[in-house]
Amino acid sequence: MIKFEEVSKKFAEITALDKISFEIKDGEMVFLTGPSGAGKTTLIKLILKELEPTTGKISINGLDLSKIKRKHLYALRRKIGVVFQDFKLLNDRTVRENVALALEVTGLDRKKVTKEVEEILEMVGLFERADLFPSQLAGGELQRACLARAIVPSPEILIADEPTGNLDVATAWQIFSLLQEVNRAGKTVLVTTHNFEIVDSLKIRVIELDHGKLVRDEEKGQYKVK
Amino acid sequence: MRKILSTSWHYIRRSPYQALAAIAVMTLTLFISAVFVLLAAGSEKILSYFEEKPQVIAFFKDDVTKQEVDALTLRLLASGKAAAAKYVSKEQALEIYQDQNRDDPLLLEMVSAEILPASLEVSAKEIGFLGEIADILRSDSKVEEVNFQEDVVQILQKITTGIREGGLIIISFLISISFLVILVIISMKAASRRREIKIVQLIGATAAYIRGPFLVEGIFYGLVGALLSWALVYGLLWYATPTLKTYLEGIPLLPVSLGVMLVLLGGLALVGIIIGSLGAFLAVKRYLR
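From first to last, the protein sequence lines stand for chains A and B. According to our numbering, the first sequence is numbered sequentially starting from 12. According to our numbering, the second sequence is numbered sequentially starting from 61.
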């Protein structure tokens with residue numbers, strides 16, 4: 012469960028998030044929408060403890076993030092898989108190596124790493140592209156590689172930051188199908204997106220931010236694009 | 061561990077000139093350190109060789125009696141300054157003389173026990189006591205003359221202290237430079253991998269996972285430097301041993317045993333590992349904040 016209680020984040024004079032409160036239950040899938048600069052990426056960085064809130068409390072599965080020491084941060088991050096907006100793939104490693112990295116950092120046995128990586132690449136449809144480097148992949152493939160890396164360690168929470176940013180409609184739908192599949196497997200999924208067409212169609216819970224404020228929190232099926 | 065080792069080897073191979081510079085500086089530092097350690101240990105051994113030998117010899121007048129010699133010996137030992145005192149009678153002095161000149165019959169014919177003086181050979185507990193022992197001997201009315209090698213021993217002592225202190229300063233300076241070179245080289249590598257470090261942190265890598273390859277790299281430079289410097293020192297010593305032996309005749313110093321050289325290798329490896337790992341640890345620390 013992800014819980015924000017009166018969370019604010021300020022960068023000097025700029026308020027990125029202003030007293031945000033919401034709760035995402037285990038196994039829930041939620042869209043986080045809002046225009047550029049609304050505070051979506053800041054919110055994700057707060058969940059990953061890349062940033063500290065100026066005020067307020069964030070907890071994940073009942074654990075207050077402010078209580079986690081820097082040296083124990085890795086344990087929190089292993090619970091959260093992230094599909095980054097800029098992918099954050101290592102350019103000097105192949106797709107297979109990039110995906111394997113998420114398991115190698117946990118110290119998993121080499122054979123198990125190989126097996127699980129192959130399974131996940133098969134699932135996201137990148138098995139044939141496993142030995143290519145990121146620079147040799149198309150946008151949708153990069154997104155899927157990033158998704159594979161995020162879900163291969165079987166995290167409790169999956170966060171996808173603008174996963175359909177520059178993708179065509181068909182590829183965007185493929186990505187959302189994969190995210191839904193992950194959610195059906197019992198994972199909590201939080202997706203930030205501008206793609207209102209998909210938001211409208213999927214009829215899931217939507218949290219909308221604007222200028223750092225939470226302006227709407229619509230339950231499943233209630234959201235209508237204004 | 062296998063992954064850390066392969067990543068570390070990958071880092072080293074990616075920038076061979078930086079690796080060469082690190083190994084060269086480490087080798088130079090450890091080579092000079094090893095030379096000073098061997099010089100300090102060798103001069104210490106030469107000094108103790110001289111310290112163990114009788115350092116003050118008192119020659120008696122002809123009318124000295126055994127009781128007077130014994131009384132003087134007791135006085136010396138009771139002073140706490142003398143480690144040992146050995147009486148050499150006229151007859152023993154003749155035997156020594158004959159032994160030293162056995163190849164020259166002319167010299168042997170000319171000398172009898174009568175013309176050789178009896179003597180007392182005294183060794184000091186510490187070199188600093190030599191003057192006081194000489195004074196005690198001179199104050200005895202039956203002592204004709206006192207000889208002692210104060211100058212030789214004092215010069216040796218000064219050389220030994222000089223090597224030890226000078227060596228310590230030079231070694232400290234070189235170790236600091238090596239440490240800084242390793243720190244700078246590994247900092248540059250960590251800086252060029254800043255993005256990678258950030259990404260693996262975000263996907264849940266521990267500090268140890270990130271630090272591991274850099275630490276192994278630092279240790280690698282230390283170990284290779286230790287091995288190369290040791291081989292250089294061993295080669296140099298092997299080459300110089302025949303020449304040095306002629307200068308150090310009678311002093312049981314050369315050749316240096318393999319056991320001593322292995323201890324030296326262990327010491328060099330330890331110093332190299334400490335410099336390499338500490339440099340790497342501090343270099344990566346700021347990228348883990």
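Everything labelled a hint here was simulated from the structure, so no lab data went into it. Some hints could be false.
To be verified - Restricting the straight-line Cα-Cα distance to at most 30 Å, the calculated cross-link-like pairs of lysine-lysine (BS3-like) are: (1) A/Lys-36 - A/Lys-82; (2) B/Lys-258 - A/Lys-82; (3) A/Lys-80 - B/Lys-345; (4) B/Lys-218 - A/Lys-224; (5) B/Lys-63 - A/Lys-122; (6) B/Lys-258 - A/Lys-56; (7) A/Lys-123 - A/Lys-231; (8) A/Lys-60 - A/Lys-14; (9) B/Lys-258 - A/Lys-198; (10) A/Lys-123 - A/Lys-90; (11) A/Lys-224 - A/Lys-30; (12) B/Lys-63 - B/Lys-121; (13) B/Lys-146 - A/Lys-80; (14) A/Lys-21 - A/Lys-36; (15) A/Lys-60 - B/Lys-63; (16) A/Lys-80 - A/Lys-224; (17) B/Lys-63 - A/Lys-82; (18) A/Lys-60 - B/Lys-185; (19) A/Lys-78 - A/Lys-90; (20) A/Lys-68 - A/Lys-224; (21) A/Lys-126 - B/Lys-258; (22) A/Lys-99 - B/Lys-63; (23) B/Lys-185 - A/Lys-56; (24) B/Lys-258 - B/Lys-105; (25) B/Lys-258 - A/Lys-68; (26) A/Lys-90 - B/Lys-345; (27) A/Lys-126 - A/Lys-78; (28) A/Lys-78 - A/Lys-60; (29) B/Lys-105 - A/Lys-126; (30) A/Lys-21 - B/Lys-258; (31) A/Lys-78 - B/Lys-345; (32) A/Lys-80 - A/Lys-231; (33) A/Lys-122 - A/Lys-78; (34) A/Lys-99 - B/Lys-126; (35) B/Lys-121 - A/Lys-122; (36) B/Lys-105 - A/Lys-80; (37) A/Lys-90 - B/Lys-258.
Everything numeric in this text was worked out from a predicted model, so none of it was measured.
Verification of the supplied hints:
{"no.": "1", "hint": "A/Lys-36 - A/Lys-82", "verdict": "holds, 27 Å"}
{"no.": "2", "hint": "B/Lys-258 - A/Lys-82", "verdict": "holds, 14 Å"}
{"no.": "3", "hint": "A/Lys-80 - B/Lys-345", "verdict": "holds, 16 Å"}
{"no.": "4", "hint": "B/Lys-218 - A/Lys-224", "verdict": "violated, 80 Å"}
{"no.": "5", "hint": "B/Lys-63 - A/Lys-122", "verdict": "holds, 13 Å"}
{"no.": "6", "hint": "B/Lys-258 - A/Lys-56", "verdict": "holds, 13 Å"}
{"no.": "7", "hint": "A/Lys-123 - A/Lys-231", "verdict": "violated, 38 Å"}
{"no.": "8", "hint": "A/Lys-60 - A/Lys-14", "verdict": "holds, 14 Å"}
{"no.": "9", "hint": "B/Lys-258 - A/Lys-198", "verdict": "holds, 25 Å"}
{"no.": "10", "hint": "A/Lys-123 - A/Lys-90", "verdict": "holds, 19 Å"}
{"no.": "11", "hint": "A/Lys-224 - A/Lys-30", "verdict": "holds, 7 Å"}
{"no.": "12", "hint": "B/Lys-63 - B/Lys-121", "verdict": "violated, 83 Å"}
{"no.": "13", "hint": "B/Lys-146 - A/Lys-80", "verdict": "violated, 74 Å"}
{"no.": "14", "hint": "A/Lys-21 - A/Lys-36", "verdict": "holds, 27 Å"}
{"no.": "15", "hint": "A/Lys-60 - B/Lys-63", "verdict": "holds, 27 Å"}
{"no.": "16", "hint": "A/Lys-80 - A/Lys-224", "verdict": "holds, 28 Å"}
{"no.": "17", "hint": "B/Lys-63 - A/Lys-82", "verdict": "holds, 22 Å"}
{"no.": "18", "hint": "A/Lys-60 - B/Lys-185", "verdict": "violated, 69 Å"}
{"no.": "19", "hint": "A/Lys-78 - A/Lys-90", "verdict": "holds, 16 Å"}
{"no.": "20", "hint": "A/Lys-68 - A/Lys-224", "verdict": "holds, 16 Å"}
{"no.": "21", "hint": "A/Lys-126 - B/Lys-258", "verdict": "holds, 26 Å"}
{"no.": "22", "hint": "A/Lys-99 - B/Lys-63", "verdict": "holds, 21 Å"}
{"no.": "23", "hint": "B/Lys-185 - A/Lys-56", "verdict": "violated, 74 Å"}
{"no.": "24", "hint": "B/Lys-258 - B/Lys-105", "verdict": "violated, 55 Å"}
{"no.": "25", "hint": "B/Lys-258 - A/Lys-68", "verdict": "holds, 25 Å"}
{"no.": "26", "hint": "A/Lys-90 - B/Lys-345", "verdict": "holds, 25 Å"}
{"no.": "27", "hint": "A/Lys-126 - A/Lys-78", "verdict": "violated, 36 Å"}
{"no.": "28", "hint": "A/Lys-78 - A/Lys-60", "verdict": "holds, 11 Å"}
{"no.": "29", "hint": "B/Lys-105 - A/Lys-126", "verdict": "violated, 64 Å"}
{"no.": "30", "hint": "A/Lys-21 - B/Lys-258", "verdict": "holds, 23 Å"}
{"no.": "31", "hint": "A/Lys-78 - B/Lys-345", "verdict": "holds, 22 Å"}
{"no.": "32", "hint": "A/Lys-80 - A/Lys-231", "verdict": "violated, 36 Å"}
{"no.": "33", "hint": "A/Lys-122 - A/Lys-78", "verdict": "violated, 36 Å"}
{"no.": "34", "hint": "A/Lys-99 - B/Lys-126", "verdict": "violated, 97 Å"}
{"no.": "35", "hint": "B/Lys-121 - A/Lys-122", "verdict": "violated, 93 Å"}
{"no.": "36", "hint": "B/Lys-105 - A/Lys-80", "verdict": "violated, 55 Å"}
{"no.": "37", "hint": "A/Lys-90 - B/Lys-258", "verdict": "holds, 17 Å"}
Hint compliance for this structure: hints 4, 7, 12, 13, 18, 23, 24, 27, 29, 32, 33, 34, 35 and 36 are not met, and every other hint is.
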